[in-house]
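Q: As given, the protein sequences belong to chains A and B, one line each in that order.
Residues in the first sequence are numbered from 0 upward in steps of one, following numbering that gives the first Met the number 0.
Residues in the second sequence are numbered from 0 upward in steps of one, following numbering that gives the first Met the number 0.
Honestly, I wouldn't trust all of these hints.
[Unchecked claim] Using 20 Å as the maximum straight-line C-alpha spacing, the simulated DMTMM-like pairs for lysine to aspartate or glutamate come out as follows:
| # | chain 1 | residue 1 | chain 2 | residue 2 |
| --- | --- | --- | --- | --- |
| 1 | B | K200 | B | D184 |
| 2 | B | K176 | B | E218 |
| 3 | B | K327 | B | E218 |
| 4 | A | K168 | B | E193 |
| 5 | A | K116 | A | E90 |
| 6 | A | K376 | B | E193 |
| 7 | A | K168 | B | D191 |
| 8 | A | K35 | B | E190 |
| 9 | A | K171 | A | E152 |
| 10 | B | K217 | A | E32 |
| 11 | B | K330 | A | E355 |
| 12 | A | K169 | B | D188 |
| 13 | A | K376 | B | E139 |
| 14 | B | K327 | A | D378 |
| 15 | B | K376 | A | E139 |
| 16 | B | K376 | B | E397 |
Treat the hints as calculated values from the structure; they're not laboratory data.
2 protein chains.
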Amino acid sequence: MKFVKELISRSDAKNKVFEKFEEMLDDKFENIEINKAFGKICFEDVHAPCNIPMFNRSAMDGYAVIAEDTFGASQTNPIILNLVKTDSINEEEIYRLSTGMKLPENSNAVVMKEYTKEYDSFVEIYTGVHPNENVSRIGEDVKTGDLIIKKGELITPYHVALISSLGIKKIKCYSLKIGVIATGDELLDIEDLESVEQLEKTAMIVNSNSMMVSDLVKETGLSPTAYRKVPDNREELEKAIKKALLENDIVITTGGTSVGDRDYTIEIIKKIGNIIFHGVQIRPGRPVGFAEAEIDGKKKLLFVLSGYPVASAVQFELFIANYFKPRKSVKLQINRNIASSLGRTDIVRVKLVEREGFTKIEPLRITGSGVLSSMTKADGYLMIKENIEGYEKDEFVEVYLF
Amino acid sequence: MKFVKELISRSDAKNKVFEKFEEMLDDKFENIEINKAFGKICFEDVHAPCNIPMFNRSAMDGYAVIAEDTFGASQTNPIILNLVKTDSINEEEIYRLSTGMKLPENSNAVVMKEYTKEYDSFVEIYTGVHPNENVSRIGEDVKTGDLIIKKGELITPYHVALISSLGIKKIKCYSLKIGVIATGDELLDIEDLESVEQLEKTAMIVNSNSMMVSDLVKETGLSPTAYRKVPDNREELEKAIKKALLENDIVITTGGTSVGDRDYTIEIIKKIGNIIFHGVQIRPGRPVGFAEAEIDGKKKLLFVLSGYPVASAVQFELFIANYFKPRKSVKLQINRNIASSLGRTDIVRVKLVEREGFTKIEPLRITGSGVLSSMTKADGYLMIKENIEGYEKDEFVEVYLF
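Assemble the whole structure, with the sequences as input and the hints as a guide.
A: If you want it as structure tokens, here you go:
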């Protein structure tokens, strides 16, 4: 096949893609309101503009006191303190507050309501408290200047809670428009599908790639636009790619990556821009292409993914998701031997299984890169890198979790 | 505290909640178009209505043949077959096709284009193929009747690809309206926040809980409505809870779970409905409440979560997320001793760390349940269940991954 001579290694390909991302992403952000930021990718390092708590705060419903005033108090020997309503207390004074309220000046502890009895102008307390007892202290949770979230991190509900608690209303998030185009005469967009029988009769297949890739883009915290499928026609494909490049920062095509008569994608991209690589030493997913183009003075990136969904999912994972939202990984024992070839990176979908009380990795047996059903059963994947011939049963292997 | 006498175990509480979910969820679904189903929870077992592939399909660009006709072909000894364009071939005939196309009748293998030379009416082939070579066989990926996705599974981009490939245009997903209410005089909705200084001056805190809980609901594949914060005022709180119950299937409140003067939530819910439990033997998160109510003849469920974000996040995780979207878990070694008390379930946030080439669990040291920053650093959590006093260093412990 034509691309064989240009095959590069997975890590070289990854580095080339990541470099281009770094170049392009400089100004690709938008300010997002914090209550809409969940699931997006943070574009900036955020440091705390203030402490949390911002002040010494009661951790309980009860009474603020000067701890030293309470020493020795007990059920049989209560201590009596004067109830005041000022925001500063003196010796022998006590101030009623609820959980979360700011402690009055000079107070340094809180007696829980349960250990008190309030009268008109004084309170009996039945237990002593030490300094800072039942107090959430200023800066205890976050100190001014602490790093709250790093550039590139996915914003979780917990980040939203933390960032908003600091009084931050907006946050910079990646803003990238990603266009998705599937090519192939045999494809039928789901909108155009009337019945299952129609597929059988016409020998067409549903354009599931556009939907899958769009959803992978969403899962990565970015915004996709899925276009209608494009037939294997040079003019229409060129028009579609140019339109998508105009309207997006990144365009992802699926299909048309091999060298059949009808695979015009690479040819067209060569005309429009500059192919950075075409063909990577990975399995599945070898015929992946990556290119750049300048449209109206703006740098655009193009990924040419396979038509096979398993291959395109792997290509998306290694070169796109891996940049914006790298997977969590753990090292676990593999429960059977698995072989690969030197010089090639194999991506193997796996399930987590429990064996003899341990969590182990079970590689899924699959035939061919078209085997969709293996993808929905996998808990993650492992990589057999190019300098490794495989793994032996019970070896610890890094697994990347979906 | 009042609720202490009613404390129930985590597993009892979980079972009570899950039972009520089962009762309520019977008819809580909607038909979602498959290209909008990603991230939602599937409401039905879906079985394949057809095979994938639906027919024997070429896995390569090339020529369909009867394999037996090609035996013995080689570079030096090509075999010549007659090129036909019918959808059925006979002995000694050959048919041109591209990847993904249906094989003509009687053909049983594909010769890759690379090993052929086409002339006007015939094709020379330079390699033999065995039956089924370069063919994706009918049902190879999915067989009619195969279970594709189970009720309760989260729909991934891979499910979308698989389900749509089967010609399924819509899928039943959980449809639950979930209202989120935060209570507390000290809360300031983010919309009303003008500056960080405002917080310090007024001793208020941002209502981050409504946002966090809403985002947790979204993360679980369900749809939240966040209401404005409600002050600690019996009438307003009652009005707000009733309104939310009318407009939603489930209402989640945060704050007002303890027994302070101003904590009216439980009191109000007792009036409107039936408290199923209030107080669970967990740490953090003990004062969690769960109730049911009937509004206009419709069963509604109510969760009364803590005002502390870490506590409310844990309560949400154990009783809500755990039903709709249980976490993936792995058993890993813990890298230090960790103690708990019998009779109580401790939920401990952890980080994954690499130690001596192994992935180990490192419990995060936190003080108090208000420590927000620990949540954003955690990779997951472990549970020290009520019948366990703790774990020793290097013991294998199940960790639930975020």
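Q: Going through the numbered hints above, which ones does this structure break? Give me the numbers in ascending order.
A: Hint 6 is the one this structure does not satisfy, whereas the remaining hints hold.
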